[in-house]
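J.: Listed here are the chains, written in short residue letters.
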Amino acid sequence: MINFEQVAKRYPNGREALSGVNLRVAPGEMVFLTGRSGAGKSTVLKLIALLERPTRGQVTVNGENTGQLPARRIPAFRRRVGVVFQDHRLLTDRPVFDNVALPLIVADSSLKEIDRRVRAALDQVGLLGKERLLPLELSVGEQQRVGIARAIVGRPPVLIADEPTGNLDPQLATEMLNLFRRLNEVGVTIVVATHDLHLVRESGLREVQLDGGQISNEPGAAAPLPHIEARR
Amino acid sequence: MSGRISSWGARHLQALVSSAGHLVRSPLATILTLIVMALALALPLGLLTLVQNTRTATGDFSGAIGMSAFLKQDVTEAKARQLTSAVRGRSDVSAAQLITADQALAEFRKDSGFGVALDALQDNPLPHVIAVTPASAATPAGVESLQRYLSAWPEVENVQLDSDWVTRFNAILGVLRRVLVVAATLLGIGVVAIVGNTIRLEILNRRAEIEVTKLVGGTNAFVRRPFLYTGMWYGLMAGLTAWLIVAGALRALAGPAASLASAYGSRFVLAIPSLGELGLLLLVGISLGWFGSWIATAVHLHRIEP
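Residue numbers (this note's numbering), protein chains in the order written: chain Y, 1 to 232; chain D, 1 to 306.
Think of the hints as simulated: they come from the structure by calculation, not from any bench. One should not assume that every hint holds.
Stated by the list, open to error - Now the stretches of chain Y that chain D is said to cover, found in silico as 3 or more residues with beta-carbon under 8 Å:
(1) 73 to 79
(2) 202 to 209
Stated by the list, open to error - Derived EDC-like pairs: lysine to aspartate or glutamate, alpha-carbon spacing no greater than 20 Å straight-line:
(3) Y:K46 - Y:D211
(4) Y:K46 - D:E305
(5) Y:K46 - D:E155
(6) D:K72 - D:E155
(7) Y:K112 - Y:D93
(8) Y:K130 - Y:D93
(9) D:K72 - D:D111
(10) Y:K46 - D:E211
(11) D:K72 - D:E211
The structure presented is a predicted model; accordingly, all values stated were derived computationally and were not measured. Using N, Cα and C, we set each Cβ at its ideal position, and we do this for glycine too.
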């Protein structure tokens, strides 16, 4: 579903964020990315969502090689990858409904379809009945869940989340994790970047550790050749 | 399929309405922009109306283009009458009237105040004159050839066109029309620049929204749409405002213009721009607004990426 082959990313300022990363995430898998700040977690997520393109190597998501995707096909690509941010990036002047509906609106869905699917997504994150509220009228945890509803409303096969529990207390963080696991159970491939090691260990799911732009806990993952698939 | 088309239409309608909503929510900025745009549109419109009205007003006089054929001193009055009826019989002449030397002298004596001086003259120094009015369908070239034809008669001393001032006046109108084209072009560019700059600021203001929209798969066309509609709204409203400005200015001018016209014995009435012209003005305004926002979005939108 997601495949990194010998991926390096150097930013225009010269900083090499990733070097020689090999990572394979199978369809329907849920993976945690861990590591210190600046280890390259965010860069991996940006490469998956095609917010950045790799400097070297190949990133394949949903069968598309992101390095070669022409600009006009980027919107269609992004509709198939849901993104959840730590700062959730909601439009604060729009009610919850409009925020969640945005991915459907840009995809020209019918009004009936939008109404139905926005409600379904809000129901999944437990916010049904709060459609008319503005994001700032909600608690931090609820805002985060609006961001998740927006990410899943278009039913993308891939969902990525950057520190989704960063601003939440432990109880809310566990709820958030359970929400992701429920989405994963219905077949969504999920990559979550997090600092919360406790949460990762508790989940018992695969953990990919990044250190200095390389994967440090999966043998062979960072080796240039021969290519060895990342182990579960 | 029809569902897709109707949702596409609904999307455009939504962009149309929401862009209007954005304008209404910041009324002061919107009104200031509108005033500048409206003035830029009102200036050429006002000039156009002025030129057109002047043409209508002078149209009354174009029928008065005539010529005077001055006969030689030795031509008798009987011969002059004969020549007059010969001129009158031509197809390119609608009227010919003989003004005899005696009539002319009498009129001159009455109007000029030189009565006493004229009494001192022994002979009448004035010639007979045939006042010729060309057929109304005559072209300027036709009038000129008639003039050449009459000049060639041996009894005719000289043929003078009365229309020189009309020609000059038409030339002035021609210059004015050219000024109008130049002014309209320059001010049109001004309108595009005003809209472009306004839309640029709007794009910067809504940066976060644009980023999120692109992030969830919004195409450039989708992101661009509300800004194009905003530009078109500006154009439409500026066009309407410009029309109101010009109509108001004409109302203020109507009284003086009417007294000016009646002083010239004309029943000319100052005309406000017609509905057709209003439609054209709105179309021009909308096009300029669209074009200005098109340029602004083309330059600035691709710089905003999530």
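J.: Which numbered conditions among the earlier hints are violated in the structure presented, ordered from lowest to highest?
T.: Violated: hints 2, 5, 7, 9, 11.
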